[in-house]
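Engineer: Here is how the chains run, residue by residue.
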Amino acid sequence: MTYLAKPKFHHPDLPKNALGFTHRDYEGSISTLCAGCGHDSISSAVIQACFELNIEPHRLAKLSGIGCSSKTPDYFLGQSHGFNSVHGRMPSVLTGANLANKEMIYLGVSGDGDSASIGLGQFIHCIRRGVNMLYITENNGVYGLTKGQFSATADRGSKSKAGGTNNDSALDLVGMALQVGATFVARSFSGDKKQVVPLIMAGLSHPGPSFIDIISPCVAFNNHAGSTKSFDYVREHNEAVNRLDFMSPRAPITVEYEPGTVAAVTLHDGSELKLAKLHPDYDPYDRINAMTYMQNRAAAGEVVTGLIYMDPQARDMHAGLNTVDAPLNRLSEKELCPGSAALEKINASLR
Amino acid sequence: MNPTDIKNPDYFHKVVDCQWACPAHTPVPEYIRLIAAGRYSDAYMVNWNSNVFPGVLGRTCDRPCEPACRRSRVEETSKAAQPVAICRLKRVAADNKDKDDVKSRMPSAALVKNGKRVALIGAGPASLTVARDLLPLGYSCVLYDSDPNAGGMMRTQIPKFRLPETVLDEEVNYILALQPELRLGQRVTSMKAILDEGYDAIFVGCGAPRGRELEIPGRKEASANIHIGIDWLSSVSFGHTTAIGKRVIVLGGGNTAMDCCRTSRRLGGDDVKVVVRSGFEEMKASPWEKEDAMHEGIPIHNFLVPKEFLHDNGKLTGVVFEKVKAEYDAKGRRNLVNAGEPDVRMECDDVLVAVGQENSFPWIEKDLGIEFDRWEMPKVSPATMQSTNPKIFFGGDAAFGPKNIIWAVAHGHEAAISIDLHCSGDNVADRPPPLVNLMSQKMGIHEWSYDNDISADKRYKVPHAPPELTLKDVRMEVELGFDVKQAFLEAERCLNCDVQTIFEGPKCIECDACVDICPMDCITFTPNGPEAELRTRLTAPTTHADTQDLYVSEPLKTARVMVKDEDVCLHCGLCAERCPTGAWDMQKFLLNTPKAGCHA
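In order, the protein sequence lines correspond to chains A and B. If you're matching positions, the first sequence starts at 861 in this note's numbering and goes up one per residue. If you're matching positions, the second sequence starts at 13 in this note's numbering and goes up one per residue.
Worth flagging that the hints you see were computed from the coordinates, not collected in a lab. Don't take each hint at face value.
[What the hints assert, rightly or not] Some chain A residues well away from chain B (every beta-carbon gap over 12 Å; in silico): (1) F869; (2) P872; (3) E887; (4) S901; (5) I902; (6) Q908; (7) Q1009; (8) G1017; (9) K1054; (10) F1091; (11) G1180; (12) L1188.
[Stated by the list, open to error] A few chain A residues that face chain B, going by a derived Cβ cut-off under 10 Å, partial list only: (13) K868; (14) H870; (15) D885; (16) S889; (17) I890; (18) A895; (19) D900; (20) A905; (21) L959; (22) E963; (23) Y1153; (24) N1156.
Values in this document were obtained by computation on a predicted structure and should not be read as measured data. Idealized CB from N, CA, C, for every residue including glycine.
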């Protein structure tokens, strides 16, 4: 934790994106989280992803609930819209905002307490409805703000810093998201930015309900031996199923792959995803297979990361509701109250 | 790349750009912090120990530290980027120190002499430095000079409006208080005679006392109104010359030319101009000296080569110049060739010739074992300042031609070490190592014993006295110096480059906190590789060529290495504040160059 604002000076040779911004322009205020917190790495990854995607800051809304993770939207995208909601209620607020203005990019930031305990119902229903958003959980397995009690995602049998053992089963947010119809599901690790940044870029670009579960070690309360969410444990048990490269319009990355292992996917906005298979049998376009695979590997003690599932045919709540093309917040009284003649017409059609 | 050896004093010394660039290696950030803290006497002593003449240098130094200053690489727009005003801050320490306090901290003359006698030829900055270093050790030093007062070119060639006599006297007197034997007012005419006096060592610090001539038609005939710049300046300094004609042409583009033209303005020259062979940018004068001259209404004419002095029966009437242009050959060397334009004629009453200075050793006999090269310069070792006669040492302008005061001081320190080694019967090539201290600055979780919250201010301008007053009085100092408030603000621009980022790999958990917080994107965790290739993989690769070193760690747990590009580090300490395990620490690197007597 620091009291010193980050100096405004920046590297003289920093690259600029298509909008003329450097990545420093996507920063927020200085973080007040513990030194070394995984969440700060994720904030930095969000900054990098938005910079690479040339996102105009005013086009993005960041929403969060309560907790260490939910404080982080203050630390990135200082020029964007933000809403810090009641504990566990971010998904409802986000759904409402999206209904009102579907043209914005929605980034929900939550944690394992905010999403897997008090807000579990909200989390599930928001994804079930197919809200076009990127929902990130910064998952550290403990309640950091209240000194490190186990959260609902802590693995059964893992040890707390004080020495206690967790006897409850862990909630599997990735499994739930797959089950209720997220069309983009990934898991990553805050200590591996090369993996996190392209996943966030792909998630923000995906025009449907996207979910990324990012394991983010709590350096204060959950980074000890016996923890399954520590830097060391995750690095040791990390099984990446694939490697994603997001071909950003700014700087196309050219990476050499083993022939036959790379699948390119062109997204709706013309950008391209390149997916390098690290496990030859793993198919990220098969939802049932993905769910089975995740269960198997979890039973084997692995932490599977990478792009777990993607449906190129993303679904969206607005399509389901058949809303008009214009964002609802731009409709005037004239369109919303078309008058008694229109009402008559509708009533007549129902007779 | 191999892991960086931070135990090598050169590694962190190079990070402190200003100190590395200073010939005397003055610990600049150390004294700037003391100035910010209002500890002017302490700041003065840090300077005095390393550069001997802080008050003089704070006004006249050529400041090699400032072009090196990291601040100008860090400030955003390169056009407005300005280094910290290091030189003028030094003056603040000298102006505001407590004189009695400083005096009480000066070394005292040795109570017991060691029986060794050293002759110092010339009483300028180089010889005075040797005297200061050797006298407290018990050496008997004999100071020779043809002028009646010690100080050398600092007294005779630097105009008083840049360096008041009181400032010079004070600092010369600190050395004279150590009681060297003075033989002033008598010119040394024979090295052999000096050798015959049986000195254990002789130091030649007689400067480059001869102004270069300009042999063109009319020189002899009009010589009454054509003066050699440095001779004329010293004549002004001694009060022999008090006036000059209304129209003056100064030939030459160095700092002496700038002093000549500005002095002329004060002695009755209304229409003073500087005429230079080269272009404006290539002029040898420091940019701020050119600026000060132009500020006083003195135009600088470039690409004009003097061809002939015009005279009317021996009375100078003007100068004819050939117009030239610069052409560059295949090797990039510049040639001045005729521009094909008509000659330029300028009228004048007096000409000052400041086209360079030369060494001149007519008083050194050729059979004393002192070898000279084909430019008639003595063969001197740059490391030891020793000539081919092991007893005889050279320093200052006498050693390698005209440089400036700070070089003379640096030479003096090295020569004093050599003389001490030589007189003790030790090998002068065995140089003592520098005195280095590396100390953590951590006071608390986010508390450091230095101010890491750097000011974003632009460089402050030193206030000047109004020209209507200064142009009337050749002894009135033009620069007023920073007041303490401005000095504090300027000092806060210093990045504290001596507070080093120290990385301990075994403590690192690779959480990326330092990478994320670093405002300058200096830090990268990546697989190791050869330097050129590794540089391309940095978070923000440098595009300029004169790069700083990369700080590379031992391999970490993930087999990657931590690579830090020292180039634009703000030394703000945020990496260390953000590090959960204390793998980063901020440690102050204090390096003092060795002085005579250190090896004992």
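Engineer: Would you mind marking each hint as holding or not holding in the structure?
Structural biologist: Verification of the supplied hints:
1. F869: Label violated. Min Cβ-Cβ 5 Å, cutoff 12 Å.
2. P872: violated (7 Å)
3. E887: violated (9 Å)
4. S901: violated (5 Å)
5. I902: violated (10 Å)
6. Q908: Nearest chain B Cβ is 10 Å from Q908/A, so the label is violated.
7. Q1009: holds (20 Å)
8. G1017: The assertion about G1017/A holds, with a minimum of 23 Å to chain B.
9. K1054: violated (10 Å)
10. F1091: F1091/A not clear of chain B: closest Cβ-Cβ about 5 Å, inside 12 Å.
11. G1180: Given that every Cβ of chain B is farther than 12 Å from that of G1180/A, nearest at about 39 Å, it holds.
12. L1188: L1188/A clear of chain B: closest Cβ-Cβ about 38 Å, beyond 12 Å.
13. K868: holds (6 Å)
14. H870: Cβ of H870/A sits 6 Å from chain B, so the hint holds.
15. D885: violated (13 Å)
16. S889: violated (13 Å)
17. I890: Hint holds; I890/A Cβ to chain B Cβ min 9 Å, cut 10 Å.
18. A895: holds (5 Å)
19. D900: holds (6 Å)
20. A905: Status holds, d = 9 Å.
21. L959: violated (34 Å)
22. E963: Cβ of E963/A sits 31 Å from chain B, so the hint is violated.
23. Y1153: violated (26 Å)
24. N1156: Check failed: Cβ of N1156/A comes no nearer than 27 Å to chain B, outside 10 Å.
Hints 1, 2, 3, 4, 5, 6, 9, 10, 15, 16, 21, 22, 23 and 24 from the list above are not met by this structure, while the remaining hints are.
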